[in-house]
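Using the sequences plus the hints, can you model the full thing?
Residue numbers (the numbering used here), protein chains in the order written: chain Z, 7 to 194; chain D, 7 to 194.
Think of the hints as simulated: they come from the structure by calculation, not from any bench.
Since the structure is predicted, the reported quantities are computational estimates derived from the model, not experimental observations.
There could be a bad hint or two in this list.
One copy or two, it doesn't matter: identical chains are merged, so the pair holds either way.
Below, simulated SDA-like cross-link-like pairs (lysine to any residue); rule was C-alpha separation at most 20 Å, straight line [as the list claims (entries may be wrong)]:
| # | residue 1 | residue 2 |
| --- | --- | --- |
| 1 | K165 | N117 |
| 2 | K125 | D169 |
| 3 | K145 | E181 |
| 4 | K103 | C65 |
| 5 | K125 | E162 |
| 6 | K165 | P148 |
| 7 | K165 | A21 |
| 8 | K165 | E55 |
| 9 | K129 | N170 |
| 10 | K62 | N116 |
| 11 | K62 | N24 |
| 12 | K165 | E150 |
| 13 | K145 | E177 |
| 14 | K57 | N30 |
| 15 | K145 | T178 |
| 16 | K190 | L42 |
| 17 | K115 | Y59 |
| 18 | K115 | E162 |
| 19 | K102 | S74 |
| 20 | K12 | F139 |
| 21 | K115 | I101 |
| 22 | K191 | F146 |
| 23 | K165 | E149 |
| 24 | K145 | F54 |
| 25 | K190 | I161 |
| 26 | K145 | P176 |
Number of protein chains: 2
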Amino acid sequence: MDRRQKRTRTAIFNAFINLLSTKNYNNITVADVIELANVGRATFYSHFETKDYLLKELCNELFEHVFSVENCLVDAYIFTCKEKDTMFLHLIKHIKKNDNNIAKLLSCKNNELFLEYFKVEVKKLILANKNNFSNEKPKFIPEEFWLNHLTNTFIETIKWWIDNGMIESPETITEYFYKIVGIKKQVQ
Amino acid sequence: MDRRQKRTRTAIFNAFINLLSTKNYNNITVADVIELANVGRATFYSHFETKDYLLKELCNELFEHVFSVENCLVDAYIFTCKEKDTMFLHLIKHIKKNDNNIAKLLSCKNNELFLEYFKVEVKKLILANKNNFSNEKPKFIPEEFWLNHLTNTFIETIKWWIDNGMIESPETITEYFYKIVGIKKQVQ
DNA sequence: TTAATAATAAACACATTGTTCGGTATAATT
DNA sequence: AATTATACCGAACAATGTGTTTATTATTAA
Chain Z
7 MDRRQKRTRT
17 AIFNAFINLL
27 STKNYNNITV
37 ADVIELANVG
47 RATFYSHFET
57 KDYLLKELCN
67 ELFEHVFSVE
77 NCLVDAYIFT
87 CKEKDTMFLH
97 LIKHIKKNDN
107 NIAKLLSCKN
117 NELFLEYFKV
127 EVKKLILANK
137 NNFSNEKPKF
147 IPEEFWLNHL
157 TNTFIETIKW
167 WIDNGMIESP
177 ETITEYFYKI
187 VGIKKQVQ
Chain D
7 MDRRQKRTRT
17 AIFNAFINLL
27 STKNYNNITV
37 ADVIELANVG
47 RATFYSHFET
57 KDYLLKELCN
67 ELFEHVFSVE
77 NCLVDAYIFT
87 CKEKDTMFLH
97 LIKHIKKNDN
107 NIAKLLSCKN
117 NELFLEYFKV
127 EVKKLILANK
137 NNFSNEKPKF
147 IPEEFWLNHL
157 TNTFIETIKW
167 WIDNGMIESP
177 ETITEYFYKI
187 VGIKKQVQ
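Here it is, written out as structure tokens:
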């Protein structure tokens with residue numbers, strides 16, 4: 007990829023993330039982005055079809071780091087992870103570290119789109135590991151309902167944590183999560 | 007209120023609700039609404055500041071029916087409700103009956119705003135009745151976190167139900183809800 | 001019947017989107 | 001270093017949507 011392309015691409019991403027921490031998604035205009043990124047209008051549109059696609063591509067880049075296989079977040083996780091982490095704790099630690107901007111995006115208003123993408127990833131993770139908690143499912147409720155519940159509760163737990171200033175440690179939040187969904191810790 | 011005002015107001019509400027079942031909230035324009043409602047542009051804006059305010063006022067009217075005190079949804083509920091209903095079951099039955107349009111609004115895309123308003127109401131309800139489930143709270147997790155979780159889970163349960171075609175009976179859904187949040191039925 | 005006021009269409013300024021185009025700057029290639 | 005390719009630029013553009021204003025007409029309440 008041309009060096010100029012990389013420059014403008016990251017400039018746009020950075021501008022977009024910075025704007026997201028001050029403005030609601032809906033209120034951010036393309037004019038805002040290109041002004042902060044110092045990029046021409048035509049250039050913006052040669053990179054991204056619309057603002058929504060910009061978000062989509064940003065998510066792809068962010069999620070690649072956090073949800074990647076190398077980060078031991080799949081079935082074989084127990085064998086590759088050194089610490090006594092669970093999958094959830096691992097993810098929460100990632101967010102706390104803030105090397106990504108997921109916390110920023112999760113607390114941003116008018117961001118259904120981001121939440122949708124995020125939920126897809128969390129759900130994939132849970133599905134890939136469903137053997138670990140399917141036996142924790144209360145009797146007589148549908149499997150799909152249970153997995154959906156785990157996904158939603160995990161996300162809402164993180165959102166609550168972020169909106170309250172991320173005071174608690176990742177370990178504590180993971181404990182909260184396990185308690186309210188009523189499953190035992192998997193790795194001790 | 008002038009008869010003409012009532013006419014246009016309900017015409018706009020009806021048009022809006024009909025549009026919401028075919029289009030996403032973001033994609034509905036004021037032009038769409040006034041065309042379907044057969045109302046002049048200036049008339050629309052003399053009734054509602056913006057499209058968002060239209061939604062807000064619609065919610066006020068809808069919620070008045072569903073979350074009202076007369077519908078025995080507060081503290082004294084046990085004494086006024088004839089059936090062996092719980093608060094949650096009562097609400098779910100209301101939605102199933104579809105005398106309101108809450109199901110439509112809950113399944114509509116790009117409708118963070120509605121969800122926000124809805125959540126406020128559900129949370130008020132839960133807060134008013136918190137004595138009934140605060141003793142069900144798992145130990146060592148914050149009260150506010152627990153109540154927030156109940157609220158979110160209840161809403162997500164309803165959404166799952168609606169998105170899956172409302173196949174299950176209100177009683178079954180209420181059972182599901184109680185099971186995943188891990189609280190016992192209150193009224194037998 | 002009259003006085004008040006709600007509804008109307010049409011025109012308006014304004015903001016935002018997404019496209020096009022000719023010229024300029026920068027990168028990759030030889 | 002010279003050449004070629006292409007990414008960037010600004011400016012202008014049409015298209016769409018928002019919210020306001022105005023002068024006129026129709027309906028209501030009294």
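For each hint, the structure was consulted:
For a Cα distance limit of 20 Å, the shortest separation of K165 from N117 qualifies both inside one copy, at 13 Å, and across copies, at 18 Å. Within a single copy, K125 and D169 get their C-alpha atoms as close as 18 Å, and across copies as close as 16 Å, so both meet the 20 Å cut-off. Proximity of K145 to E181 under the C-alpha cut-off of 20 Å is restricted to the inter-copy arrangement: shortest distance 11 Å between copies versus 23 Å within a copy. In this assembly of identical chains, the alpha carbons of K103 and C65 lie at most 20 Å apart only when taken from the same copy (17 Å versus 40 Å across copies).
Within a single copy, K125 and E162 get their C-alpha atoms as close as 10 Å, and across copies as close as 13 Å, so both meet the 20 Å cut-off. Taking CA atoms no more than 20 Å apart as the test, K165 paired with P148 passes between copies only; the shortest distance there is 15 Å, against 26 Å inside one copy. With identical chains, the CA atoms of K165 and A21 are never at most 20 Å apart, being 23 Å at best within one copy and 35 Å at best between copies. Taking the shortest alpha-carbon separations for K165 and E55, neither the intra-copy value of 29 Å nor the inter-copy value of 31 Å comes in at or below 20 Å.
Proximity of K129 to N170 under the C-alpha cut-off of 20 Å is restricted to the inter-copy arrangement: shortest distance 17 Å between copies versus 24 Å within a copy. Taking the closest pair of Cα atoms, K62 and N116 come within 20 Å of each other both inside a single copy (15 Å) and across two copies (16 Å). For the homomeric pair K62 and N24, the shortest alpha-carbon distance inside one copy (16 Å) is at most 20 Å, but the shortest distance between copies (30 Å) is not. Within a single copy, K165 and E150 get their C-alpha atoms only as close as 23 Å, which misses the 20 Å cut-off; across copies the closest is 13 Å, which meets it.
Taking the shortest Cα distances, K145 and E177 sit within 20 Å of each other only across copies (16 Å), while inside one copy they are farther apart (28 Å). In this homomeric assembly, K57 and N30 come within 20 Å of each other (Cα to Cα) both inside a single copy, at 13 Å, and across copies, at 17 Å. With identical chains, the CA atoms of K145 and T178 are at most 20 Å apart between copies only, with a shortest distance of 13 Å across copies and 28 Å within one. For a Cα distance limit of 20 Å, the shortest separation of K190 from L42 qualifies neither inside one copy, at 47 Å, nor across copies, at 54 Å.
In this assembly of identical chains, the alpha carbons of K115 and Y59 lie at most 20 Å apart whether taken from the same copy (18 Å) or from different copies (17 Å). In the homo-oligomer, the alpha carbons of K115 and E162 lie at most 20 Å apart both inside one protomer (14 Å) and across protomers (19 Å), since each shortest distance falls under that limit. Taking identical chains as interchangeable, the C-alpha atoms of K102 and S74 lie at most 20 Å apart only when both belong to the same chain, with a minimum of 17 Å there against 41 Å between chains. Taking the shortest Cα distances, K12 and F139 never come within 20 Å of each other, neither inside one copy (42 Å) nor across copies (54 Å).
In the homo-oligomer, the alpha carbons of K115 and I101 lie at most 20 Å apart inside one protomer (18 Å), although the nearest pairing across protomers, at 27 Å, exceeds that limit. Proximity of K191 to F146 under the C-alpha cut-off of 20 Å is restricted to the inter-copy arrangement: shortest distance 16 Å between copies versus 22 Å within a copy. For a Cα distance limit of 20 Å, the shortest separation of K165 from E149 across copies, 16 Å, qualifies, whereas the shortest one inside one copy, 24 Å, does not. Neither within a single protomer nor between protomers do K145 and F54 lie at most 20 Å apart by alpha-carbon distance, with minima of 47 Å and 49 Å respectively.
In this assembly of identical chains, the alpha carbons of K190 and I161 lie at most 20 Å apart only when taken from the same copy (18 Å versus 25 Å across copies). In the homo-oligomer, the alpha carbons of K145 and P176 lie at most 20 Å apart only across protomers (18 Å), although the nearest pairing inside one protomer, at 30 Å, exceeds that limit.
Checked against the numbered hints given earlier, this structure breaks hints 7, 8, 16, 20, 24; the rest are met.
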